[in-house]
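Got chain A; can you put chain B on it based on the hints?
2 protein chains.
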Amino acid sequence: MLVLNGKEVAKEVRSSLAPRVTRFMKEFGRAPHLAVVLVGDDGASHVYVKNKKIACESIGMSSTIHNMPTSTTQQELDDKIQELNQDPAVDGILVQFPLPKHLNSDEVLRQIAPGKDADSLTYESMGLFFAGRADVKPCTPEGVMTMLRHYGIAVEGKRAVVVGRSNIVGKPMAQLLTDANATVTVCHSRTKNLSEFTRQADLVVVAAGKARMLGKEDFKKDAIVIDVGIHRDGPGGKLCGDVRFEELTQWAQAATPVPGGVGPMTIATLLQNTCLLAEKRAGLR
Amino acid sequence: MLVLNGKEVAKEVRSSLAPRVTRFMKEFGRAPHLAVVLVGDDGASHVYVKNKKIACESIGMSSTIHNMPTSTTQQELDDKIQELNQDPAVDGILVQFPLPKHLNSDEVLRQIAPGKDADSLTYESMGLFFAGRADVKPCTPEGVMTMLRHYGIAVEGKRAVVVGRSNIVGKPMAQLLTDANATVTVCHSRTKNLSEFTRQADLVVVAAGKARMLGKEDFKKDAIVIDVGIHRDGPGGKLCGDVRFEELTQWAQAATPVPGGVGPMTIATLLQNTCLLAEKRAGLR
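In order, the protein sequence lines correspond to chains A and B.
Last residue of the first sequence: 364 (this note's numbering), numbering continuous.
Last residue of the second sequence: 364 (this note's numbering), numbering continuous.
Chain A extracted, bound-state conformation (with noise of 0.2 Å):
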């Protein structure tokens, strides 16, 4: 089985925007920017929010992280991200989700300005996509898709399942591979049967947000399998997805591990993104 490696392509990624972000910087004296607007205290948002800092810093753009406490008010909320679409250094902005209850994350969506919007979640952004006019799309799905070019993995004709119809993976990740003219088929928790369908498919993307759900009777034989998943295995336990990765060895085609998977590809994506905004702005495309 071939082991899609994350890790490796999102760094070939980072490599061909290193040179992008030193052109940027020549003709305008600043890097691409991306701002990320984090409120609250959650722990594994603070993880997520400082290694897409430290992935910026590592090609050369730059990055600020907008701590803003649990108690923000959803004014102070909106002030804070009208001050980003104005401010002429920011390229992108990312609003780090979930967000305190008592903030309404659609309100928020509805504030960043299209051209800032790093991980395309605006309803005109969303819009774009849906009608295949997006220059910039959701980073998860979009990573997906330049994994699976790196490696050479021809997307036409293929039959496909997305396990999964959330906003950011599933209905955009469907809809990038019909556009790559496979034919897809979205499965959800309402699913009869969902092993009938992933065992017809030639590639799967699995989104369902449980840990280790599937395994190899889920897949036929040659499949080409992507995890979308993260769970942490019980208090202080491995990081796993949601598939049983270790049983697809001698069976799938090729997999995602996770970590080391999807993930990265998240990530530079996003930074990917940025980078493209910026260059839209400054009218370099």
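The set of hints was computed from the structure by calculation and includes no laboratory data.
Keep in mind that the hints are not guaranteed to be accurate.
Unchecked claim - Just so you have them, the derived chain A footprint on chain B, three or more residues with Cβ under 8 Å:
id: 1; region: 253–267
id: 2; region: 333–341
What the hints assert, rightly or not - With a straight-line Cα cutoff of 27 Å, these simulated DSS-like cross-link-like pairs (lysine-lysine) come out:
id: 3; chain 1: A; residue 1: K271; chain 2: B; residue 2: K271
id: 4; chain 1: A; residue 1: K271; chain 2: A; residue 2: K317
id: 5; chain 1: A; residue 1: K289; chain 2: A; residue 2: K86
id: 6; chain 1: B; residue 1: K105; chain 2: A; residue 2: K271
id: 7; chain 1: A; residue 1: K237; chain 2: B; residue 2: K180
All C-beta atoms in this analysis are idealised placements derived from N, C-alpha and C, irrespective of residue type, glycine included.
Frame of chain A; chain B shown alone:
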């Protein structure tokens, strides 16, 4: 086989709208108003637009057709849309497609105020729709859902196949069926062995745009078949759909005829959307 009578269901939708129109008139001294912009002299478009106007008037809504010559410039069309956006007496705006080739339909869609977007085609409307947050939904797919509900055909847990992936029908149809908890596969021109997919489905929506393309052998026994196609069978010939309807009578559980199936539902949903937009803008919802 149950014939899904779109004419009948559309009449019922219109009847349910009539008291809302009356109430709106009483409160605001005018009827909900749909403005249709028609550029050029495409014969079929003129017929469609006229039918929409007649349907509006049949329930006391008002409608104006803004005829513009084929020579209309982009600027003139944009100005017209802006004028309608600002006109307080206009509740819904519909630009009849196709536009003459020198006009940019993307640009036009960006101009329509989302609060007046009766066909749910602007990028913001599409984004809201795909995020599951839209009040107003694309007319044809929403009309199909209304028809299924009318006949008590449950979608939840069913295997559905949508043939076609257009922005106006295929994609939003798949989304609505997924939202209703069906497991949906989107097939298209690059799908290999199409009938393998359609034959597994409990419910098939055909929006392929090819006259009489599918017949009995493409569906399983007791399938539900929805035909979105409309074609003229040769010059001066009869109207027909994408499905060979006559083959289904001893085979399907239910099917829509052409004409008299999905077509009337699309127009009824347009009225419903315009009414809803009027009520929302007036603060009734």
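Quick rundown of the hints versus the structure:
1. 253–267: Satisfied; 10 residues make the cut.
2. 333–341: Since three or more residues must qualify, the claim that chain A covers the region 333–341 of chain B is violated, with 0 doing so at under 8 Å.
3. K271/A - K271/B: 24 Å, holds
4. K271/A - K317/A: Cα-Cα ~31 Å, so violated.
5. K289/A - K86/A: 23 Å, holds
6. K105/B - K271/A: 49 Å, violated
7. K237/A - K180/B: 34 Å, violated
This entry does not satisfy hints 2, 4, 6 and 7, going by the numbered hints stated previously.
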